[in-house]
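**Student:** We have chain A; now place chain B onto it with these hints.
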Amino acid sequence: MSVVYSRRLKKELQEIQIEQADPAKRAAGIQLLQADDLKTWYFSIEVLGDSLYKNETFHLMVRFDPEYPFKSPAVQFVVSDKVKPPIHPHVYTNGHICASILGDDWSPTLSVMAICITIQSMLASCKKKELPEGNDDYVRTAPDNPKKTRFVYHDDTV
Amino acid sequence: MWKTDVKELLDSTDVQDPTDFPPSSTAPGLRALDSALRCNICQELYEAPVVLTCGHCFCSLCARNQISVKPACPSCWKEAAISSFRINPAMEEAVTAWKDARRFVLGMVNEALKAQATASESLRPSKRRKPNSHSVGVISSFASPQRKSGRSDTPSTPKERRNLDVGTSDDDIEQDVFSGSEPLASNSNIECPVCAKSVPMARINDHLDSNCKHYLSSGKTASSSKSGQKDAWSKLLDGKKSGKEKEKADAEPDTPLPKASYTVLKDRQIRDLLAAHDLSTVGDRAQLIARHERWVALYNANLDRSPALRKRSAELRVELRRWEEDRRGSRKEPLKTDIAEYRRANKAEFDKLVQLARPKSDRPSESSSRGEGDDRGESSRRLKGPAVASGDAIMVDSDAEG
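Those protein sequences? They're chains A and B, same order as listed.
The first sequence begins at 1 in the UniProt record's numbering and counts up one residue at a time.
The second sequence begins at 1 in the UniProt record's numbering and counts up one residue at a time.
In isolation and in its complexed conformation, chain A is listed as follows (with noise of 0.2 Å):
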């Protein structure tokens, strides 16, 4: 498992590269800031086009243990005195993200790269820009790695 875990994460980082080298295939507006190791890389996101983020950028830490891929990663935004988090009804003040494609719904057949763009539509289709409900009580109490939160996925329309 873990040696699945690191020969594809190697391989994944390897895909990344060669996507960003050419502006033909990168995915519009996800950029790899940071993988020194294998066990925490930093994305840049932005919102292309249209939405409610527009010229807005966050960033996206994602943790890596030797489960993965069969287990997903842990996703969150990165809070920071440079970068926020973006508003939105599934994201907390604290980064962390409730998508069921972080939890129940992840595959071992998906990729870091689908994870980014997954997050990125849900920001994209986002038509209203607030905290999710109980945000407060949440953050006070949330674990530092949002994978320990049992999160409940009730809502399909973004």
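These are computed hints drawn from the structure, not numbers from a lab.
Treat the hints loosely; a few may be bogus.
[What the hints assert, rightly or not] Partial pick of chain B residues on the chain A-facing surface, computed with a CB cut under 10 Å:
| hint | residue |
| --- | --- |
| 1 | Lys70 |
| 2 | Pro74 |
| 3 | Trp77 |
| 4 | Val194 |
| 5 | Ala345 |
| 6 | Glu349 |
[To be verified] To spell it out: a stretch of chain B is covered by chain A in this simulated footprint if at least three of its residues, at any positions, have a beta carbon under 8 Å from a beta carbon of chain A; those stretches are:
| hint | stretch |
| --- | --- |
| 7 | 52–66 |
| 8 | 255–263 |
| 9 | 318–326 |
[What the hints assert, rightly or not] Straight-line C-alpha distance at most 25 Å; calculated BS3-like pairs for lysine-lysine:
| hint | chain 1 | residue 1 | chain 2 | residue 2 |
| --- | --- | --- | --- | --- |
| 10 | A | Lys147 | B | Lys347 |
| 11 | A | Lys84 | A | Lys127 |
| 12 | A | Lys71 | A | Lys128 |
| 13 | A | Lys25 | B | Lys114 |
| 14 | A | Lys82 | A | Lys25 |
| 15 | B | Lys347 | A | Lys84 |
| 16 | B | Lys70 | A | Lys147 |
| 17 | B | Lys347 | A | Lys148 |
| 18 | A | Lys71 | A | Lys147 |
| 19 | A | Lys148 | B | Lys70 |
| 20 | B | Lys259 | A | Lys71 |
Ideal Cβ positions, reconstructed from N, Cα and C, are used throughout, including at glycine.
**Tutor:** Same frame as chain A, now just chain B:
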């Protein structure tokens, strides 16, 4: 700045990928072919491919790992079970051939592209301007003359070579040695190197496998029809017997290992299970179970290979050990830092909760009856708050749901 790091990371191992091949505009189909022969889970060329009931194909071990997480096909979410796996020998054959051919084809393609690059430089205003037909022409012209001579002496990668070694059993090697040294007719007798008795050449391996008990040649006097008959019968009977004995000696029968129900087993029984396969019996119960589970998966996945490609138990044991080392190495850290950070980050909140809990005596008993630390106590309390019932996030543990 970070790019160099990525490069280093990638250069440290040889990562094979469909993108090794040029895109389909230059070399039609090659990239697609390479990715078609890869498992969608591990992205490697299929190892012991199996087909699920939905028709999707994965490495046996990958599929087994996935099923242990969620009993469904990772491509289409159709229900899947290990018992309904079907081996896919056709795919295995294709992959074996492709492993052989891949390097060769890759080298050829690169050479062709190089030749094309130099050619197009010298013949820039040539009439052949269509890039597609041009490059294909170059590649195919390279393919035909080399195919006859080049194929056999293409250097195979160490990994491939190892696979080949694994594939050929000892018997084959020994036979090769004999047939190589001097061409003996299969019915001639030779001296057994162990017991120094005369043995039919064709049966020497079975003779050795039977600990020099069977397959002795009946000698030159055995020309009478009666003893000949007897010989034939004993050969027939012995043949079956020794087959079984051989199986036992190798301890590698074709039957998959059953899944153990660990909950009803005592630690000692799990250790026995491990010991039966010469596996390490150190570690706590969780480690023992994980080890045995992994062993069963490795072992059974190995049986999904065609017999010639199967690995030996010793190799599987090495794999198991490596897996455990990797897991131990990378497991510890993230978990520890996680909890520590969590504690630190939420210290203020904990203190506040402790303060809140103090005057009322029933509160702390509720959370302590839940047991395992702040994390859980909080989650159960949070659940009871009215604000949460309608929210879309509910905390942590499954038992907090009920």
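**Student:** Hint by hint, note whether the structure agrees.
**Tutor:** So, going through the hints one by one against the coordinates:
1. Look at B/Lys70: its Cβ gets to within about 9 Å of chain A, closer than 10 Å, so that hint holds up.
2. Satisfaction of the interface hint for B/Pro74 is found here, the shortest Cβ-Cβ separation to chain A being roughly 4 Å, below the 10 Å cut-off.
3. With a least beta-carbon distance of about 8 Å to chain A, the hint placing B/Trp77 at the interface is held under the 10 Å criterion.
4. Annotation: B/Val194 was flagged as interfacial toward chain A, and the flag is violated, the nearest CB pair being 40 Å apart, outside 10 Å.
5. With its C-beta approaching chain A no nearer than about 6 Å, B/Ala345 sits inside the 10 Å limit, and its interface hint holds.
6. Using the Cβ-Cβ criterion of 10 Å, the hint placing B/Glu349 at the interface with chain A is satisfied: the shortest such distance is roughly 6 Å.
7. Using a Cβ-Cβ cut-off of 8 Å, 3 residues of the stretch 52–66 of chain B lie near chain A, which meets the minimum of three, so the contact claim holds.
8. With 0 residues having a beta carbon nearer than 8 Å to a beta carbon of chain A, the stretch 255–263 of chain B misses the requirement of three or more and the stated coverage is violated.
9. Residues of the stretch 318–326 of chain B with a Cβ under 8 Å from some Cβ of chain A number 3, which satisfies the need for three, so the listed coverage holds.
10. At roughly 21 Å between alpha-carbon atoms, A/Lys147 and B/Lys347 fall within 25 Å of each other, so this suggested pair holds.
11. Distance hint between A/Lys84 and A/Lys127 is fulfilled; the C-alpha atoms sit about 19 Å from each other, no more than 25 Å.
12. Straight-line distance between C-alpha atoms of A/Lys71 and A/Lys128 comes to about 31 Å, which puts the hinted pair past the 25 Å bound.
13. About 24 Å separates the Cα atoms of A/Lys25 and B/Lys114, which keeps this hinted pair within 25 Å; it holds.
14. With a C-alpha separation of about 29 Å, the suggested pairing of A/Lys82 with A/Lys25 is violated against the 25 Å cut-off.
15. For the hint pairing B/Lys347 with A/Lys84, the CA-to-CA distance comes to about 23 Å; that is within 25 Å, so the pair holds.
16. For the proposed pair B/Lys70 and A/Lys147, the alpha carbon gap of about 17 Å is at most 25 Å, so the pair holds.
17. For the given pair, B/Lys347 sits about 18 Å from A/Lys148 by alpha-carbon distance, which is consistent with the 25 Å threshold.
18. Of the supplied pair hints, the one linking A/Lys71 and A/Lys147 holds, its CA atoms being roughly 10 Å apart against a limit of 25 Å.
19. For a cut-off of 25 Å, the pair hint linking A/Lys148 to B/Lys70 stands: about 18 Å separates their Cα positions.
20. With a C-alpha separation of about 22 Å, the suggested pairing of B/Lys259 with A/Lys71 holds against the 25 Å cut-off.
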